[in-house]
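So the protein lines, in turn, are chains C and S.
Each residue of the first sequence is one higher than the one before, counting from 1 in the numbering used here.
Each residue of the second sequence is one higher than the one before, counting from 102 in the numbering used here.
Worth flagging that the hints you see were computed from the coordinates, not collected in a lab.
Each residue gets a CB set at the ideal place from its N, CA and C atoms; glycine is no exception.
A few of these clues could be false.
To be verified - To give an idea of the interface, some chain S residues facing chain C are shown, with a C-beta separation under 10 Å as derived from the structure:
hint : residue
1    : I164
2    : M174
3    : A202
Stated by the list, open to error - Distance windows between CB atoms, simulated:
hint : chain 1 : residue 1 : chain 2 : residue 2 : range
4    : C       : G101      : S       : G210      : 25 to 31 Å
5    : S       : G237      : C       : D94       : 45 to 51 Å
6    : S       : V107      : C       : R88       : 50 to 56 Å
7    : S       : I164      : C       : G101      : 37 to 43 Å
8    : C       : E4        : S       : I199      : 33 to 39 Å
9    : C       : G97       : S       : V172      : 25 to 31 Å
10   : S       : D153      : C       : F85       : 39 to 45 Å
11   : C       : F85       : S       : T106      : 42 to 48 Å
12   : S       : P223      : C       : F85       : 43 to 49 Å
13   : S       : A208      : C       : G101      : 40 to 46 Å
14   : S       : V107      : C       : G97       : 21 to 27 Å
15   : C       : F85       : S       : T228      : 38 to 44 Å
16   : S       : G201      : C       : F85       : 43 to 49 Å
17   : S       : A118      : C       : A53       : 28 to 34 Å
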Amino acid sequence: MTLETFLLLAAALFAVGLFGALSQQSVVMVMMGLELMVNGIVVAGAAFWHYVAPGAADGQVLVLVAVSVMALEMAVGFAVVTALFRARDADTTDEAGDLRG
Amino acid sequence: MIPATVLFWALAVGAVAGGVAVFAVGSMARATFALLASFLCVGGELLVLDLDYLGVLVVLMMIMEMLVMAVFMVMFMMNPAGLMPMSMVHNRWGALGISGAVFAALAAGIVLTPWPHRAGRPPRDPTRALGLAIMGPKMPVMMGIGLAILATMIASVVLATRRGRYGDAE
Numbered sequence: 001m002t003l004e005t006f007l008l009l010a011a012a013l014f015a016v017g018l019f020g021a022l023s024q025q026s027v028v029m030v031m032m033g034l035e036l037m038v039n040g041i042v043v044a045g046a047a048f049w050h051y052v053a054p055g056a057a058d059g060q061v062l063v064l065v066a067v068s069v070m071a072l073e074m075a076v077g078f079a080v081v082t083a084l085f086r087a088r089d090a091d092t093t094d095e096a097g098d099l100r101g
Numbered sequence: 102m103i104p105a106t107v108l109f110w111a112l113a114v115g116a117v118a119g120g121v122a123v124f125a126v127g128s129m130a131r132a133t134f135a136l137l138a139s140f141l142c143v144g145g146e147l148l149v150l151d152l153d154y155l156g157v158l159v160v161l162m163m164i165m166e167m168l169v170m171a172v173f174m175v176m177f178m179m180n181p182a183g184l185m186p187m188s189m190v191h192n193r194w195g196a197l198g199i200s201g202a203v204f205a206a207l208a209a210g211i212v213l214t215p216w217p218h219r220a221g222r223p224p225r226d227p228t229r230a231l232g233l234a235i236m237g238p239k240m241p242v243m244m245g246i247g248l249a250i251l252a253t254m255i256a257s258v259v260l261a262t263r264r265g266r267y268g269d270a271e
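Isolated chain S, as found in the complex:
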């Protein structure tokens, strides 16, 4: 049995390394799988926190999402098959400066904030607690998500079809 701390650090390094690799590798298909590795590590972190259902949900959902993403990546790939080497970034140093400053500010806030003490104890079955919450007091959240999913389905179909709402555009 690996101690949870070792597992946490291994997964944390994996998650951040995967995230960095997304923007470091030259191929957008490889970037997709680097992002998938990062997501899988985050799913593992949820499992470390005893969130069994959400951890497995993130792992399964992200595998499917990244497989779909890989198809689109191939469709819109810059520098396909390494035949057209090009820079895929603009304003690299500005972006590095901004994101570095954001990380420093967040880290300072995290270290300096007096976080509250733990209130309550984890339920015996967190999944059951989640299910009872979203079917009870948190139901408006899930209704909102449901509406958003419906709106997304309609909007994405409308946007992606060649014909518009009123027939051919031309």
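Just chain C, same shape as in the assembly:
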């Protein structure tokens, strides 16, 4: 149990979340992927606090911020999905590609 193992766990969670965010068609499943990526940040923040600078509270504050970001991302995400579904009956990313470059 070292800093490296914790960071590898964080990287694994981040990569799995990235796969979901890139591959899923449903907008809500994309949000699940984003949540999983932030989940990795939580692990990394806590590990940095414990193994690098336990004297300062910075790592703990980072975890607090990441957890808030998760909740806010979900709230805004569902509001956007609801608005999108109301406006044009769309709930997949392929039906909402207006800004595609």
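Take the given structure of chain C and dock chain S to it, following the hints.
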């Protein structure tokens, strides 16, 4: 008393397995609970790191968040009740390649970086240290979060209501 190392590995495997299951199961409701399992394991990891308050916070918050999420999952479910089997993914191999490459790059960085030695020692009560920090030098962070929460509440209500800011759209 289970050794912390055993606990760490069990929870780590659980967290990653839950994350993989989110995108492997066919039902979006099951995916929600797989994600909840992953979050609970991460909360356990925080407890292993002696972050009692944050660990319990993550566990309680994620249980509520995923219960709310389950409702939305049922609302927007593809393939409801398994009646319309369909692929829920696009560009699977591209996404696998990108995320695999990202993991390899992160892992290489993690293994090769000379991380600094531990500076200081954990306070006797990390929760107290956190409380003193966010009420003292870290207060702008919490004020920023507070503003973001307020903006989110207003934005989500505005987005989700049928009537817009200026009455009916039609």
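| Measuring from the C-beta of S/M174 to each C-beta in chain C, is the shortest one below 10 Å? | Hint holds; S/M174 Cβ to chain C Cβ min 6 Å, cut 10 Å.
| request: Given the range 25 to 31 Å, decide if the beta-carbon distance of C/G97 to S/V172 lies inside it. | output: About 27 Å separates the Cβ atoms of C/G97 and S/V172, which means 25 to 31 Å holds.
| query | CB of C/F85 to CB of S/T228, is that within 38 to 44 Å? | reply | 41 Å, holds
| request: Starting from the range 42 to 48 Å, see whether the pair C/F85 and S/T106 falls in it by beta-carbon distance. | output: At 47 Å between Cβs, range holds.
| Holds or violated: 28 to 34 Å for the Cβ distance of S/A118 and C/A53? | 31 Å, holds
| message | Holds or violated: the 50 to 56 Å window for the beta-carbon distance between S/V107 and C/R88? | response | 51 Å, holds
| request: With chain C as the partner, please determine if S/I164 meets the hint condition of a C-beta pair closer than 10 Å. | output: 13 Å, violated
| field | Supplied distance hint 25 to 31 Å, evaluated on CB atoms of C/G101 and S/G210 | value | 29 Å, holds
| message | The hint says 45 to 51 Å between S/G237 and C/D94; measuring C-beta to C-beta, is that right? | response | 49 Å, holds
| query | Measuring from beta carbon to beta carbon, are S/A208 and C/G101 in 40 to 46 Å? | reply | This hint is violated: roughly 31 Å between Cβ atoms.
| field | Cβ separation of S/G201 and C/F85, checked against the hinted range 43 to 49 Å | value | 33 Å, violated
| said: Can you verify the interface hint for S/A202: is its Cβ closer than 10 Å to any Cβ in chain C? | reply: Because about 9 Å separates S/A202 from the closest Cβ in chain C, which is inside the 10 Å limit, the hint holds.
Checked against the numbered hints listed earlier, the structure breaks hints 1, 8, 13, 14 and 16; every other hint is satisfied.
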